[in-house]
Every structure is written in C-alpha cells, then in structure tokens.
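Taking the hints into account, I'd like the entire structure generated from these sequences.
Protein sequences, first through last, are from chains A and B. Read in the working numbering, the first sequence has 59 at position 59, and its numbers run on one by one without any break. Read in the working numbering, the second sequence has 1184 at position 184, and its numbers run on one by one without any break.
Watch out, some of these pointers could steer you wrong.
What the hints assert, rightly or not - Some chain A residues near chain B, calculated using beta-carbon distances under 7 Å:
1. LEU6
2. VAL20
3. ILE31
4. THR239
5. GLN240
6. HIS243
7. ARG261
8. LEU263
9. LEU272
10. PRO275
It is worth saying that the hints were derived from the structure and are not from the lab. Ideal Cβ placement from N, Cα and C applies to all residues, glycine included.
Number of protein chains: 2
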Amino acid sequence: MPLPHLTRAAAPLTREVSAVNEHGEQDTVSIPAERALTVYVDKRELVTLMTLGAHPELLVLGYLRNQRLVESVDEIQSITVDWEVGAAAVRTHAGIDRIEERTAHRVVTTGCGQGSVFGGLMEEIDSLELPGTAVTQAQLYAVVNAIRLQESTYKSAGSVHGCALFSVRDDQAAMLVFVEDVGRHNAIDTIAGWMWMNAGGDVAHPDKLFYTTGRLTSEMVIKSAQMGVPVVVSRSGITQMGHEVAQRIGLCTVGRATNRRFLCYTAPQRLLLQPALAGPRLRATEVSP
Amino acid sequence: MPLPHLTRAAAPLTREVSAVNEHGEQDTVSIPAERALTVYVDKRELVTLMTLGAHPELLVLGYLRNQRLVESVDEIQSITVDWEVGAAAVRTHAGIDRIEERTAHRVVTTGCGQGSVFGGLMEEIDSLELPGTAVTQAQLYAVVNAIRLQESTYKSAGSVHGCALFSVRDDQAAMLVFVEDVGRHNAIDTIAGWMWMNAGGDVAHPDKLFYTTGRLTSEMVIKSAQMGVPVVVSRSGITQMGHEVAQRIGLCTVGRATNRRFLCYTAPQRLLLQPALAGPRLRATEVSP
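Have a look at this one:
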C-alpha cells in the first residue's frame, strides 16, 4: 500500500509585532504564528487545531494516530492542507468506523491537553510491551546538548514547545526529527505523523528516546509509550499522573535535564549512570532552585 | 439569592517520590499532585478535569462560568466535591438549558486548552466594554515582586502554573487571590469562581490586573476580558492569536515580565511608563536571550 499523499503547505512561522519595553522604547519583536486548522475527515468536520503551522499534514496524521481514530497509515489516502481557508481535508480509503461515537467522550487533560479518549488509552497502555532500550548518561548529555544547539522558533520568538525524536545506539545520540508548535500536544502528534511516514529502517529500530521542553505529563508518557519510545527526557519536571503511568509501564522519565544536571524519576534501570561525567558537585548555595 | 453552598474538600498538594540524580544518588523530591475530578451537573456527567486539587469547588464554578454554561452564580445551588470518588456534584436551581448542544462543538486551543465554545466566545468578546483601568510601571513592578515573594507549590514542587488577581489603585498593587494548578486554564477558572463568590465590594471595582506564569494565549486574553480585567501580565511571551485578540479589544498585555524588564505588546495607553524606575540599560552582551 503506498503512503498517503500529503501536501506541503508552508506558512511563515513568526511574525513581527511592535512592543514597548521598560525604558519606554518601541521595539520590534518576533512572536510565533498561530493558526486555526479545521480538520475534515471525508468531508465531515472533526476538530479545529491551533498550530504554528510548520508541518500541518504530519500534525493531522499524528493527531488521527494518537487519538486512535486510525490504526494504520494505510487507511489514509491523502491529507490536503489549504491555509487560505484554514482547512485540512483528510481522505480515507474506507472511512473511519464509528467516528461519531469514538470522539464523544471528553477529558480535559493537564498539559495543553485535548479531549482524548483517556480511559480507553490507559487500558491499551497496559497491554503494550516497551522495548528494552537503555540509555547512557553520556547519551543523555548528548541529547541535551543537541537541543541546546538546535536552531529554533523558540530562540527567535519564544512561546513554543519543542519535541525531538532521537536514536540512541552505539554510545551515540542522533536527532532524527525536531518539531515545535504552540501547543506541545501538537509537537508530539507531528512526530507521531512523521514516524508513520518514515516507518522503514531506522525508525523501526527500538532504540528511541523522546525529548520534550514541556512537563512530563501523563499525556506525554502515554503518547510516547504508544509510539514505542521507552525513554522521555525533559527540561521541566513531572506531574503525579505522569509519574504514576510511567512507573506502571516501566517507561524511563528524566526531568530537570539542563547542562549536566537531571533527575531520573522512573525506571532508573534504563539509565546507565556514569557519575564521573557529572562534574564536581555544586555547593548548596550554588544550587539553583 | 444566597451564594451557592460549596464543600471545602482538601487534599495534599504535593507528594514525595524518589529520583536518581546525575551523581547516581537517590533523592526524595516533591511533585505536584494531580487528580481526576469528574463534574456532574444535575447528575449528568459533563467533563473530567485534571487538577492539583487546591480549590476544586471554585474550579468547577469558574469552569461553568468561563464555558458560558451558567450566566450567573445564582443559578448554582451547591457544589459538592468528594475526593474518595473523584467527583464534583453540581446542583442547579433550574437546570442548564440546552447543555448537550452547547458542549458539542470542540476546539483544541493552544495553551493547555480545553474544548471551548471558541467561536461563540469571540462573538461575545466584541460586545464587551473593558473598564478604562491603567497601571503604572511602579505597580507593574510591585506585581512582579509580589509573585516573586509568594509561597507556592511551584517553589516546592515545580510543574504547576500560577495565576493571581490584583487590585491596582492609588499607586498600590494588592494581591487579592493567588491560585496554582497543573493546568493554567484551571488556575484562571478557579479565579473566575472565586470572583463570583466574592463579587461584592473590592472585586466589583474596575481596577483589576491579572498575572499568569503561562503564555499570553488567546484563551487567557478572552477569559480575562470576560471577567472584566483589562490588563494581563506574564513572565512568558505572547502567541499570535493572543496578540490579535488583545489588540482587537484594547486589552493591555505585558509579557517577559521579570525583575525590572518587560515588553508591553498591546494597548500601551493603559501603561503609565516611568522609565526612570527601569534602572540602567544592560549592555547588549548582558541581555539574556
């Protein structure tokens, strides 16, 4: 079965606005774009997503995947995005079964969440088997450093979340894809879409690690597990539900990862510690809050 | 009409978990609690909110208010929260009209958003008249300083958003209420609930300012305007939709507010600049990114 046909609708990621600073001076600053994209599945309106607009087709594909509305990329014939009308038209080969019923149950999740079929997802999670991937402290530092060096809309305009998928093998950490969006659920959904479109070769290898600038929420942990990625790293902290879900399924969560510091909250057996790489301990007074 | 009867269900706001740090040491760290609270209106299930759990009754009240499901606090007879079963039972005096239809349209908003009746909200926004409140640079600095000094779950456990309502009058800035939650939409909804329960006297005065740790999204701007608060301050930046909506309705947005620095993005006529208070300019190399 051929991959779905996707348009490549592009739109500017930032716009300039004027602002007044604390010295009373007029400044021109960049802010991230934010667009409404209404998704139609076989001509039926499904949802409106607010997005930066970098990869709208992959976002829609990943949204359908992570909401469990399609089970395989083969079900999609095409996704056509037209920014003129702010619409993404999804065409399926055979329609989506019981779509009305399956999108009826709403849960407002914590972290930039959307109404997801949460109860259903948790049941599915328990039946998932995560690969036995482990990551070394050196690889973890390589991930944090790669993110630091990444050119990004965040650097130029702020106010977006970033997500990246890494391959961690042979003591290396290679960034496969980096996505930003105004909502972090969009960024991870876009990566899910990308993984479906690039499912051969390297992506299939069970050596994956996920990086997110956002908090380690249950939603992030669940989506990562669904995509078969057993290690999630963040510069932020973890929420209680994120912690509970990660512990239950043995997914390794690493938070507060900046420079050489981090905290591994769950599944530490997946993290091969190399404390010598951490450098000298800071004195208590030097520890940032 | 008497105010609704609210229970005062309390639950611990943090829990301790163990984590492994970069030196390979086991640490005990606090993380914010996160609870599922299913809202029933007159015994009919409405939505499940994920919350820190500090003020569940005010959260539910403000959620109903900000979703425009109730028009006046008088419509509510009682809100009873029972953490044993994770439920909030809302009893109304006369039912909510067309509740099924009014909760059917879903939009996934950018910032920790929930499916809100977004189109409808925008129409309403255009008919709102914001009070002529202005704020001085000194008051703005007082707001930022009050937030800095506030004891918080964020300081002890991280990973939560904070919101505060200030009264800005006679060159003073007084914090009326400070709320944190795992999702910032919850924090602002809780303040909306608090405002309804404390609608007399000071709260009615049109001298209000809103502070949020989160980004200045359209959702934040719209909710603030609905609550009659014409100035919103954040330590984060602004999104494009937040910028557009704020500009359209003349709401003053101030972002990147830390220490003595800030950027006023919209309605600068509401900000009485006192550049002498800003202190000396930093040289370009000292400016943080």
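For each hint, the structure was consulted:
1. LEU6: Nearest chain B Cβ about 21 Å off; hint violated.
2. VAL20: Because about 4 Å separates VAL20 (chain A) from the closest Cβ in chain B, which is inside the 7 Å limit, the hint holds.
3. ILE31: OK, holds: ILE31 (chain A) within 7 Å of chain B, min 6 Å.
4. THR239: holds (5 Å)
5. GLN240: Nearest chain B Cβ about 4 Å off; hint holds.
6. HIS243: holds (6 Å)
7. ARG261: holds (5 Å)
8. LEU263: Status holds, d = 4 Å.
9. LEU272: Because about 10 Å separates LEU272 (chain A) from the closest Cβ in chain B, which is outside the 7 Å limit, the hint is violated.
10. PRO275: holds (4 Å)
Violated hints, in rising order: 1 and 9; the structure is consistent with all others.
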